[in-house]
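**Q** Residue numbers (UniProt numbering), protein chains in the order written: chain A, 1 to 357; chain B, 1 to 357; chain C, 1 to 357.
Quick caveat, the hints were computed from the structure, so don't treat them as lab data.
For clarity, every value in this text was computed on a predicted model and none was experimentally measured.
Take the hints with a grain of salt, since some may be wrong.
You can't tell identical chains apart in this list, so a pair holds if it fits in one copy or across any two.
Below, in silico cross-link-like pairs of lysine to aspartate or glutamate (EDC-like), each with a Cα-Cα straight-line distance of 16 Å or less [to be verified]:
| # | residue 1 | residue 2 |
| --- | --- | --- |
| 1 | Lys198 | Glu89 |
| 2 | Lys315 | Glu343 |
| 3 | Lys45 | Glu208 |
| 4 | Lys315 | Asp135 |
| 5 | Lys197 | Glu89 |
| 6 | Lys198 | Glu48 |
| 7 | Lys156 | Glu62 |
| 8 | Lys198 | Asp209 |
| 9 | Lys197 | Asp209 |
| 10 | Lys153 | Glu339 |
| 11 | Lys267 | Asp193 |
| 12 | Lys29 | Asp313 |
| 13 | Lys319 | Glu89 |
| 14 | Lys156 | Glu208 |
| 15 | Lys297 | Glu62 |
| 16 | Lys153 | Asp35 |
| 17 | Lys315 | Glu329 |
| 18 | Lys153 | Asp135 |
| 19 | Lys198 | Glu32 |
| 20 | Lys197 | Asp79 |
Next come the chains, spelled out residue by residue.
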Amino acid sequence: MQFTAQQIATLLQGRLEGDPAATVNNLAKIEEARDGDLCFLSNRKYEEYIYSSAASIIIVNETLQLTAPVNTTLIRVKDAYSSFATLLEHYNNIISGNGKTGVEQPSYVSPKARIGANVYIGAFSYVDDNAVLADGVQICPGSFVGRDVRIGKDSKIYAGVRIYQGCILGNNVIVHSGAIIGGDGFGFAPLSDGSYKKIAQIGNVVIEDDVEIGANTTIDRATMGSTIIRHGVKLDNLIQIAHNVEIGANTVIAAQTGISGSTRIGKNCVIGGQVGIVGHIQIADGTRINAQSGVSKSVTVENTTLNSSPAFDYKSSLKSQAIFRNLPELQNRLLKLEETVQELTALLSIQNTEYKK
Amino acid sequence: MQFTAQQIATLLQGRLEGDPAATVNNLAKIEEARDGDLCFLSNRKYEEYIYSSAASIIIVNETLQLTAPVNTTLIRVKDAYSSFATLLEHYNNIISGNGKTGVEQPSYVSPKARIGANVYIGAFSYVDDNAVLADGVQICPGSFVGRDVRIGKDSKIYAGVRIYQGCILGNNVIVHSGAIIGGDGFGFAPLSDGSYKKIAQIGNVVIEDDVEIGANTTIDRATMGSTIIRHGVKLDNLIQIAHNVEIGANTVIAAQTGISGSTRIGKNCVIGGQVGIVGHIQIADGTRINAQSGVSKSVTVENTTLNSSPAFDYKSSLKSQAIFRNLPELQNRLLKLEETVQELTALLSIQNTEYKK
Amino acid sequence: MQFTAQQIATLLQGRLEGDPAATVNNLAKIEEARDGDLCFLSNRKYEEYIYSSAASIIIVNETLQLTAPVNTTLIRVKDAYSSFATLLEHYNNIISGNGKTGVEQPSYVSPKARIGANVYIGAFSYVDDNAVLADGVQICPGSFVGRDVRIGKDSKIYAGVRIYQGCILGNNVIVHSGAIIGGDGFGFAPLSDGSYKKIAQIGNVVIEDDVEIGANTTIDRATMGSTIIRHGVKLDNLIQIAHNVEIGANTVIAAQTGISGSTRIGKNCVIGGQVGIVGHIQIADGTRINAQSGVSKSVTVENTTLNSSPAFDYKSSLKSQAIFRNLPELQNRLLKLEETVQELTALLSIQNTEYKK
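Chain A extracted, bound-state conformation (with noise of 0.2 Å):
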C-alpha cells in the first residue's frame, strides 16, 4: 500500500509543506525512520530529530515552529499525536481487514442463544443457553461465553477468553485472550477444625461500554451483586479483580495489578504495574498511584499521588526512599555523634568535678 502527501494531508485535514507527490509505505518512529516512511514529531524531545530524519513525510504540530531547514514534506495539524493515531487506527483497519462474520464450524452455539447480525463466531466457540449477542459482536476461536451472558453491540472477544454465566458486557468492549470473566471470588468460611468452607458466588461481573481488558486478566463474579468495570476503563495484562470491586469510568490499571475484594476505585485514576490494594476500601477519583505501591487505606483526597509499600504521600516517599539508600551512612552518623557526645559528657563530668573542687 502506498500513500501520497497530498492523500494524507487531505484525511487529516491538514496543511502540507513540500513535495504533495511524496509517497510513503510504512509508519514508524521519528528516530527509526527510512526512506518511505511516515512518522510524526509531538515530544519536543525528539524535535532534533525532524532535521535529519530521512523519512518521506513527517506530521507535525501546527504551532512547530522550524529553526532549520528541513528535507522532509511535513504536514500541519492540530495536534500531531492524534492525527498520527488516527493513521495507525486507518492502517490497522486495512491489515486486519473488515473481521470475519458469520458462525464458523464446528462451533457450540445453544438453540436458546440470541445472535444479532453481523456476528462472528469462531471455530471451538461456545455459547451457551440465552446467551445474547448483540450485533457486530466478534467471538474469536477457542472462547466460552456462559449461560445468560450478555454482549454489548461491537464488542471484540478474542480468542481462549471464558465468560462465566450471567456477566454482562457492554457496547465496544475488547476483551484479550486469556481474560477470565466471571470467576469464583476467593470466598471461603473459616470452620473449628481448621479447613474452609466455600461461600457460594451467587453475584455477576458488570463491564460498561468502551473498555478493554488485557491478556489473562482476571475479573472474579461478586459473591451477592456485581463485580463492576465502568465505562472507559482500560486494564491491562494480568491483573486480578477480586469480588464486589467496582473500578470508576475511565480510570487506566497498568499490568499485574491487584486490587482486594469489595474495594471502590473512583474515576480517572491511573494506577501503575504491580500495585497491590487491601480490600473494603475507597480510592478517591484521580488518585495516581505509582508501580509496585501497596495500599492499605482509603484514599479520601481527590487528585492524589501515592508510592512506595504501605503505600503514602509521593513526594514524601521519595525523600524517605532516598535516605534509606543512605541509612547506612545515617547509621554511622548517629554512632560517631554517640561517641563524641560520650566523650564531651565524660570531659564535663571531669570538668566538674574539677571545677567543684
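For this one, chain A is given, so just place chains B and C on it according to the hints.
**A** Just chains B and C now, with coordinates in the frame of chain A:
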C-alpha cells in the same frame, strides 16, 4: 423463586421472630437490602442496619440482643454467617441447575481413557490416553486433560483448564478457567557459552481432596517426584507454584503470590496477595504472611506473622514502616543534633582552654 | 523400563565402579533414593548421602574422592549434573513417546496455511490464513495460530496457547499452555474529556530460536515494529512483556516479573521473580536483579547486581534493609542522644553562667 420466612427457618433450623409468611426472592447485603431481600447480620459493625433495613428477612445470631424495635422478620440461628453461606449454596445450586452430564460433541475422548458415571465432558475438550475421570467429574468446554491424568470424584474443571500429562487430582477439587496444572518446572543448566540447557521435568503435580484453584493460576510439575497441594488448600487467581513445592493442608493463598521451587509451606497458613517466597525453604504451620511480603528465610516457629520485603516479624515491621515514613524528620533531628554537639564541643574546647589557663 | 549400570555407563561414556548388572527403574534425588533408583551427586552439600543412600546407582563427578566404602554402584563422569540432565531428557523422551504427528480432527486449518512435514496439529486448534508451520512443529490441542504467523522448525506449542496475527517464532521454541503472544500493547491517548482513545498496535512479536515461554505469560505486540525476544531467552510463568520491549539473548526471567514498554534488556541477564522494570530504559548485559526489585532507571554498567524497590546496588541494599529492621532502635538511640545533649547543654549553660560570674 420465592421463599417464606417459615421455609427458611425450617431449612436452617432457626427460630422465627416476626411474620412466618414474609417472602423473599433475593439475597443481599444488609446495608443494601430492599423489600423482598433476605440478608444476614454477623459483623457487629453493621448492627445499626437492623433497625433501618428494608430487608424482608434478616438472619441473626441467636445471641443478638435488640436495643430497639425491628420491623423486619428475624430468623435466629447459631451462626448467622454460616447459615447464610448455606443459603447461598442452596440458591447457587438452584440457579446453576444440576450441572450437565454426558459427552458433548464435538469433543475428543481417547478410547483408552476411563470415564466414570455421571461425568460431563464439554464440547471442544480433549481427554487423552489413559486419563481416568471418576464419577461425577465435570470437564467444562475447551479443557485439556493430558495422558495418564487422574481426576477424583465430583471434581469440577471449568472451561479452558489445561492439565499436563500424569498429574493427579483428588475428589471435590475445583479448578477455575485458565489454570495450568503440570507445566514444566523452570529448570535450566547454564552452559559455558552463556546459553542454557533445559532440564527435563519428569515429575508431576498431585492435588489432594477439596482443593480450589483460581483462574489463570499456574502449578508446575516437579523435576522428579511431585509438586504437592495438600487437602483443603485454597489458591486464588494468578498464583505461581513452582516445581517441587509442597503446600500444607488447609493453607489459603491470595492472588498473584509466587512460591519458588522446592519450598515447603506448612498447613493452616494464611498468605496474602502478591507475596513472594524464595526457593528451598520451609514455612512452619500456621504462618501468616502479609500481602506483598518477600520471604527469604525459613520460618521455624509456628503461627508467626510476617510482613515487609524482606519479611520479618509483623509488629516490628509496622514500627519500621512508620519510621520509614518519617525518615526525613529523623534525618533533620540528626542534623540538628550534629550542629548542637559541634557547638558544644567548640564551647567546651574554649572553656577548657580558658579553664586551663 | 529397566536399565543396567553397564547400559547407563555406556550411554554417558562414564567409568563404572561396582556391579555392571545393577539395575534401576526410576530417577530420584540422592536424599530420597531407594533401591532401584538412580541418582546423582553434584553439590558437595549432599556428599554424606553417598555413604548411606539406598540408591542402586549414583552418578558422580570423576574427581570425587571417597572417604569411606560405598555400597552403591557408581558411574564416574566429567559433570554429574549435566550427565543426569541428559538421562532425564532420555527418560522424558521415552515416557513422552515420539510426539504425535498429523492433523487431528476436528481442527481448523486454513487452506492458505503452509504446513511442513511431520507437523502435529491437535484437535480444536485453529491455524489461520497464511500461517506457516515449519517441519516438526507441534501445535497441541486448543491452540490458536493467527493469520500470517510463522513458527520455526521443531517448535512446540502446548495446549491452549494463543498467537495473534503476524507474530514470528523461531526454531526449537517452546511455549507453555495459556501463554498469549501478540496481544495489543497497552497504548491509549488521553482525550480532553478524561476518556482514552485506543492507539492501534500494528507491530508484532518476534521470538528467536531456542526460547522457552512459561504458562500464562503474556507478550504484547509492538505499537510499530517488533517486541523482540532474542535467542535462548527463558521466561517463566505469568510474566508480562509490554510492547516494543527487547530482551537480549540468553537472559533468564523468573515468574511474575513485568517489563514495561520500550525497555531494552541486555543479554545474559538473570532477573528474579516479581520484579518490575519501568518503561523506556536500558538494562546492561549481565545485569542480575533480585526478586521483587523495582527498577526505575537504566543500568549502564554490565554485571551489576540490583535489589530493593526502587532498586539500587545489591550489597548496599542489604545494609539498608538490615538497618530498616532496626529503625525503632535507631530512633531510640537518637532520642536518647537528644536528651543527653539537652542535659549537656543545660549543664554547660549553668557552668558558663557560674564560670563567668
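**Q** Please write out, lowest number first, the hints stated earlier that are contradicted by the structure.
**A** 2, 3, 4, 6, 7, 10, 12, 13, 15, 16, 19
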